[in-house]
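Student: If you're matching positions, the sequence shown starts at 1 in this note's numbering and goes up one per residue.
Since the hints were derived computationally from the structure, they do not count as laboratory data. It cannot be assumed that every hint is accurate.
[Stated by the list, open to error] Mimicking DSS-like on lysine-lysine, the simulated pairs with C-alpha atoms at most 30 Å apart in a straight line are: (1) LYS93 with LYS47; (2) LYS15 with LYS47; (3) LYS125 with LYS47; (4) LYS47 with LYS80; (5) LYS80 with LYS125; (6) LYS109 with LYS15.
[What the hints assert, rightly or not] Ranges between beta-carbon positions, derived for each pair: (7) GLU14 with ARG141: 43 to 49 Å; (8) THR146 with LEU107: 46 to 52 Å; (9) LEU50 with ASP113: 24 to 30 Å; (10) SER90 with ILE16: 16 to 22 Å; (11) SER90 with GLU151: 55 to 61 Å; (12) GLU151 with GLN96: 47 to 53 Å; (13) GLY102 with GLU128: 30 to 36 Å; (14) ASN76 with ILE25: 26 to 32 Å; (15) GLN96 with LEU5: 30 to 36 Å; (16) TYR129 with GLU19: 30 to 36 Å.
Glycine residues also receive a C-beta, built at the ideal position from the N, C-alpha and C atoms.
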Amino acid sequence: MGNELINVLIVDDEKIVREGLRMLIDWEQYGFCICGESETGTDALDKISLYNPGLVLLDIRMPEMDGTQLIEHARNAGFKGYFIIISGYSDFKYAQTALHFGVSYYLTKPIDDDELVAAINNIRKQIEYADSRQISNEQYRSKARTAILRELLVGREYNNQINYIEL
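Take the sequences, apply the hints, and build the full model.
Tutor: See the structure below:
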């Protein structure tokens with residue numbers, strides 16, 4: 001992962017909340033950058049597809065598509081990023097639905113900046129860990145591929161459980 005910043009999309013129908021989230025903390029200090037904002041779930045879904053952010057901060061109640069619907073559509077489209085819901089509603093049903101679709105955190109307004117920082121730090125660590133595992137797995141696959149091809153080329157045992165065409 002190195003020093004790459006993780007993209008964040010802010011989704012809230014209230015402009016003042018979006019501006020507040022942008023300015024609440026120094027995002028770059030924590031390894032993030034704001035890649036965009038949306039005021040509707042429909043627009044946010046388009047931006048998720050366009051930017052593929054590592055993190056989406058979103059409200060639950062928005063016009064056109066609420067937050068849980070947005071999360072469901074994004075997940076169904078293959079989005080693997082993280083979600084933090086920031087809502088003025090502490091409704092258990094919303095939280096339960098959000099958890100079902102893999103929301104990492106459900107924070108209530110007014111936002112505690114320390115709580116937000118703790119959440120994004122945890123998510124950054126999870127992203128960095130997943131990235132390092134992916135790099136390791138790619139290195140293992142590359143080494144295994146080389147070894148298997150070498151075995152095949154020197155005429156050693158053919159293994160019918162290996163898909164040589166895929167290699």
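Student: Hints first: check each against the structure and report whether it holds.
Tutor: These are the hints, each one checked on the structure:
1. LYS93 with LYS47: With Cα atoms ~27 Å apart, LYS93 and LYS47 stay inside 30 Å; holds.
2. LYS15 with LYS47: Holds - the C-alpha atoms of LYS47 and LYS15 are around 17 Å apart, at most 30 Å.
3. LYS125 with LYS47: holds, 24 Å
4. LYS47 with LYS80: holds, 14 Å
5. LYS80 with LYS125: holds, 15 Å
6. LYS109 with LYS15: holds, 15 Å
7. GLU14 with ARG141: 43 to 49 Å: Cβ of GLU14 to Cβ of ARG141: about 46 Å, so the range 43 to 49 Å holds.
8. THR146 with LEU107: 46 to 52 Å: Roughly 47 Å apart at Cβ, these two residues keep to the hinted range, so it holds.
9. LEU50 with ASP113: 24 to 30 Å: Holds: the Cβ-Cβ distance is about 28 Å, inside 24 to 30 Å.
10. SER90 with ILE16: 16 to 22 Å: Since the Cβ atoms of SER90 and ILE16 sit about 21 Å apart, the hinted range of 16 to 22 Å holds.
11. SER90 with GLU151: 55 to 61 Å: Between SER90 and GLU151, where Cβ atoms are some 59 Å apart, the hint holds.
12. GLU151 with GLN96: 47 to 53 Å: Hint holds: Cβ distance 52 Å, inside 47 to 53 Å.
13. GLY102 with GLU128: 30 to 36 Å: violated, 18 Å
14. ASN76 with ILE25: 26 to 32 Å: 31 Å Cβ-Cβ, so the 26 to 32 Å window holds.
15. GLN96 with LEU5: 30 to 36 Å: This hint holds: roughly 32 Å between Cβ atoms.
16. TYR129 with GLU19: 30 to 36 Å: This hint holds: roughly 32 Å between Cβ atoms.
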